[in-house]
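Asker: If you read the sequences in order, they're chains A and B.
Position one of the first sequence corresponds to residue 20 (our numbering), numbered consecutively onward.
Position one of the second sequence corresponds to residue 55 (our numbering), numbered consecutively onward.
Everything labelled a hint here was simulated from the structure, so no lab data went into it.
Please note that the accuracy of each hint is not assured.
Label-pair ranges, simulated between beta-carbon atoms [stated by the list, open to error]:
1. B:L422 with A:I28: 34 to 40 Å
2. A:I28 with B:F261: 47 to 53 Å
3. B:S92 with A:Y34: 44 to 50 Å
4. A:K53 with B:E413: 56 to 62 Å
5. B:K466 with A:K53: 35 to 41 Å
6. B:A436 with A:F30: 54 to 60 Å
7. A:L22 with B:A426: 21 to 27 Å
Straight-line distance between alpha carbons at most 27 Å, and here's what the computed DSSO-like set of lysine-lysine pairs gives [unchecked claim]:
8. B:K91 with A:K53
9. A:K57 with B:K163
10. A:K57 with B:K317
11. B:K317 with A:K56
Where is the CB? At the ideal position from N, CA and C, for every residue including glycine.
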Amino acid sequence: MHLAIPSVIVFLIVYGALIGAGVGVIVLLAMLWKDWKKGRLW
Amino acid sequence: MENASTTLLHPNVGWLLLVLFGAGWIGLGIFWGRRAKSFDGFMLAGRNVGMALGTATAMATWVTSNTVMLAPVFALEKGIWGMIAYSTASFGLLLFAPLSARIRQLIPKGYTSGDFIRLRYGRLAWVLFLIITIVYSMAWLVSMGTAGGKLLQTLSGIPYINGMTMILFVCVVYTLFGGLYAVIGTDFIQSVIILIGVVLVGSLVLFKTGLTQVYQSIEIHQPSLINALMPVALLSLFNNMFFGFGEVFHNNVWWSRAFAMRKDVAPRAFFVSGLLWFPIPIAAGFIALSASALGINVIDPNTVGPLVASSVLGKTGAILVFIVVFCSLASSIDSLLAATSDLLVEDVGKKMLGAKDNEQSLRRISKLTICALGLLTWILCAREMNLLEILFLSGPLVASAIWPVIGGLYWKRANSMGAVLAMVIGSIIGLVAYYQLGWYTASLISAAISMSIMLLSILWSRNDFDWKRISETNG
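Work out the full structure: start from the sequences and follow the hints.
Answerer: Structure follows, in structure tokens:
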């Protein structure tokens, strides 16, 4: 049986993943900055 | 052996990148390793790791060379569900978040996952658990070394044995000097590089091809890849999820991080790391899906990622993939070396064989164990054993440990007999399913059998476990 996943869902998955990974970099660097300023890296 | 004209990069470029990054990791490892003044520092980075480093180390460790190389293969063979199936491995990290809080509450001074099983279930379950976890860890370690050597050879023509030796050498050296401090510090940089690399390559491929074009090409040439009802893909989705739960819940790589992070940081860091990890296999998988729209003839599915990246981005794409692959390998190999040596020193050396419990002697044994593990991995990798098969075979073994771990952490009535039977019967039936039905059912069946046995044993048990027996022992 074949039921194609709609293109809009594929768009959301792929764009969501790329944007999500990009946001991930910013989140990591922001957390590093916050921990470093408070002296709580380690 | 590949020659320079058939590979994506010239071997000299490959060697240059390998030496530059290798020297960087070793230098940083030695620099951060100076913080490791005590055995606790060497083994658990002083038990005070913050949110940024904690999140990055959990994420980077879970990004293996498989994540960036096998996710595209999943997408190529099982389509949209295939790449989502790979991403479900992140649920292991998400669900380990509450477990890590419970672990820190029950066993605040613990060292390894083995400590918990020994104190909670006794010797028989502990020995069984150690066998499962050591087989799995070695299979993971050797599969990384083998994949690393082969990938470097495919990408740059560096001979397999040289590339594999170099990767293992670099990881052993900086783990040896810096312990978990070096591992966690380098993991942060590696996770940022991996994320940037994946986003960059994925976005550039997307801009070059266009998603509409990719979708239409798949619709015409490979419609099964966008089939929402592809049975194997749907089964592999759940199987991968349970394999991921088993891998994360039982393995000392994750337990050692739970012990290393500050108590309030551990659950949040694991949860955020799961969220950050989730998009990576999808972004990497999308690169493979673009192959047909780009008119690329994929002969070897294992090289589809680098092939697409280099055909769209030229040498820059190949260099980016090389760096991302090297970071993925290093971030997992260093963690496995550190966590497995902790397990061998703490559980086998100290608790089983009665090694001297003094700082200097333990640290010396720990360093020797890291070297021995590195050497054993090198020997197995040099024989080019197909450890990826053993890694997949270990799926049902680790899946059988999911419920003994959860039960042991939360239910007083969870008992030794139930845990032993759950691991033994779950593993055996899971292995039978692996051979009789297919790899995509093995972890699922093993986890289901193990869960049933564990729940039945809890229902019938009159056990009333005193949690103080764990916390008061201090590991």
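Asker: Against each hint, give a clear statement of whether it holds in the structure.
Answerer: Evaluated hints:
no., hint, in the structure
1, B:L422 with A:I28: 34 to 40 Å, "violated, 53 Å"
2, A:I28 with B:F261: 47 to 53 Å, "violated, 21 Å"
3, B:S92 with A:Y34: 44 to 50 Å, "holds, 48 Å"
4, A:K53 with B:E413: 56 to 62 Å, "violated, 33 Å"
5, B:K466 with A:K53: 35 to 41 Å, "holds, 39 Å"
6, B:A436 with A:F30: 54 to 60 Å, "violated, 46 Å"
7, A:L22 with B:A426: 21 to 27 Å, "violated, 53 Å"
8, B:K91 with A:K53, "holds, 26 Å"
9, A:K57 with B:K163, "holds, 25 Å"
10, A:K57 with B:K317, "holds, 17 Å"
11, B:K317 with A:K56, "holds, 20 Å"
In this structure, the earlier hints numbered 1, 2, 4, 6, 7 are contradicted, and the remaining ones agree with it.
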